[in-house]
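For the protein sequence lines, the chains are V and W, in the order given. If you count the first sequence from 1, position 67 lands on 605 in our numbering, and the numbers rise without skipping. If you count the second sequence from 1, position 81 lands on 619 in our numbering, and the numbers rise without skipping.
You may find that some hints are simply not true.
Since copy identity is lost for identical chains, a pair holds within one copy or between any two.
Once the Cα atoms are required to be at most 25 Å apart in a straight line, the calculated DSS-like pairs of lysine-lysine come out as [to be verified]:
| id | residue 1 | residue 2 |
| --- | --- | --- |
| 1 | Lys725 | Lys650 |
| 2 | Lys729 | Lys651 |
| 3 | Lys741 | Lys689 |
| 4 | Lys654 | Lys725 |
| 5 | Lys633 | Lys675 |
Rather than coming from a laboratory, the hints here were simulated on the basis of the structure. If you're wondering where the values come from, they're calculated on a predicted model, not measured in any experiment.
Number of protein chains: 2
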Amino acid sequence: MKLSQGFLLVISGPSGSGKGTVSHKLLSQNQDIIFSVSATTRRPRVGEIDGENYFFLEEEEFKDMTQNNEFLEYAFVHNNYYGTPRKFVLDEIDKGEIVLLEIDVQGALQIKKNYKNVVFVFLLPPTMDELRNRIVKRGTESQEDIERRFKNAFEELNFVGEYDYFVVNDKVENAVQNIENIIEAEKLRVKRHSDIKNKIISKEED
Amino acid sequence: MKLSQGFLLVISGPSGSGKGTVSHKLLSQNQDIIFSVSATTRRPRVGEIDGENYFFLEEEEFKDMTQNNEFLEYAFVHNNYYGTPRKFVLDEIDKGEIVLLEIDVQGALQIKKNYKNVVFVFLLPPTMDELRNRIVKRGTESQEDIERRFKNAFEELNFVGEYDYFVVNDKVENAVQNIENIIEAEKLRVKRHSDIKNKIISKEED
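Could you build all of it, start to finish, from the sequences and the hints given here?
Set out below in C-alpha cells:
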C-alpha cells in the first residue's frame, strides 16, 4: 500500500530571503526530493549540463513552448527566457515524487494560476535589517541596485497571503527543518488521496 | 515577535483506531498542548476531579448550555450527556494555545459545522484485520457488540474525506510523530496569520 502522493513544493520569497541556500540544503539532505529543472534560452556556462542544470533551448523552441502552454510559468530576464516546463514537473508528480521549485514571488504567483497540486512556502527574512544586510553582502551591486532590490523585497512581502506556509529564515538549519516538517505533514493530506478507505480495506487481503 | 497562533486539533477515528492511546502519548510528550476538558452529566468516579477530568454538570445546567449554543458538539450516550464547552476551547486558542480534542467521528463532524479554526486528523487502523483484533481485545464485549462495533468502524471510514489529514496508526510512536509533524507545519500556516509582514517589519524597530 502506497499512501503517499506527489506534489510540487514551491519555495519562494523576496531577494535576500535566502531561498537559494535553503533549497540547496533541503535537496542535499533529502535525496528523494526532485529538483525542478528550468528551461532557458541563455547559453550554457562551462560545466553546465543540459537537462541537469537547465534545459538549454533556442529562442524559437522556447517561444513555441509558450504558445503551446508548456510552461507552468516563464519570464524574460536580462535578454533571456527562463521557464518551468510543465511536462517535467507533472511526470515526476505522477510517479509520486515531490518536486522542488525555487522561484521568485512573481513566478510563484504565475504557478498558482496554472496548477493546483502545489504547496507554496514563503521564506521570510528574520528582520528587515537582516534583509538589507543580505542584499548588501552580495557586494557586486551599486547602491542604486541595492535600494531597488530592498524596495522590491519590501513590496513582495505583501504577497505572503497568497502562500500556504511561511517560514522565517533566521538560521538555514531551522528553515530547512521547518520545510521538512511541512513536507511530512503534506504527505498526510487527505485531499490528495481519493481512495484511503479502499487502500486500508484491500490490505486485509494481503 | 510571536508568529504562532492557536488552533483546535481534533484527533478522531473509528473505535479500534487507537485514538485514545495516541492522544494520551501525544499529551504526555508535549506539555504545551492543552487537553480539551469535556462536560458531562454523569457522576464523578472516585479520584476524578471537576475541571480536570470533566466538568461535572447537573442535567439542567447541561441542557441550558445546549440551548445557549455553548457546546462545540454534544451527545447523549448511555443515559448521560457529554459535550465540548465552546468557551474553554476558544479561551485557550485566544491565548495562542493548541487544544487537543479526542473524539469519535460523529462528534468531529459536529465540530466541523460549528467552528472553523480546526485541524482534523483521522486516525486509521493499519488493516481491517488489526481493527477487528483491537476491538476483540477489549474483551468485555459480546460477539454481537464486537460485530456492531466493527460494522460501525467500517462505515465511519467513509468520513475520512471530511478530514484534513490521515494518520495510519501502525505503531503508536509513528502515529504520534506524524501528528507532531502536522502540528509543527500547521503553526506555519499563513491563513491563520493576518499580519505576518507587519510582524517582520516591526522587528526592525527592536
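Hint check results:
1. For a Cα distance limit of 25 Å, the shortest separation of lysine 725 from lysine 650 qualifies both inside one copy, at 20 Å, and across copies, at 22 Å.
2. Taking CA atoms no more than 25 Å apart as the test, lysine 729 paired with lysine 651 passes in both settings, with 19 Å inside one copy and 18 Å between copies.
3. In the homo-oligomer, the alpha carbons of lysine 741 and lysine 689 lie at most 25 Å apart only across protomers (17 Å), although the nearest pairing inside one protomer, at 56 Å, exceeds that limit.
4. In the homo-oligomer, the alpha carbons of lysine 654 and lysine 725 lie at most 25 Å apart both inside one protomer (15 Å) and across protomers (22 Å), since each shortest distance falls under that limit.
5. In this assembly of identical chains, lysine 633 and lysine 675 lie within 25 Å of each other by CA distance neither inside one copy nor across copies; the values are 41 Å within and 39 Å between.
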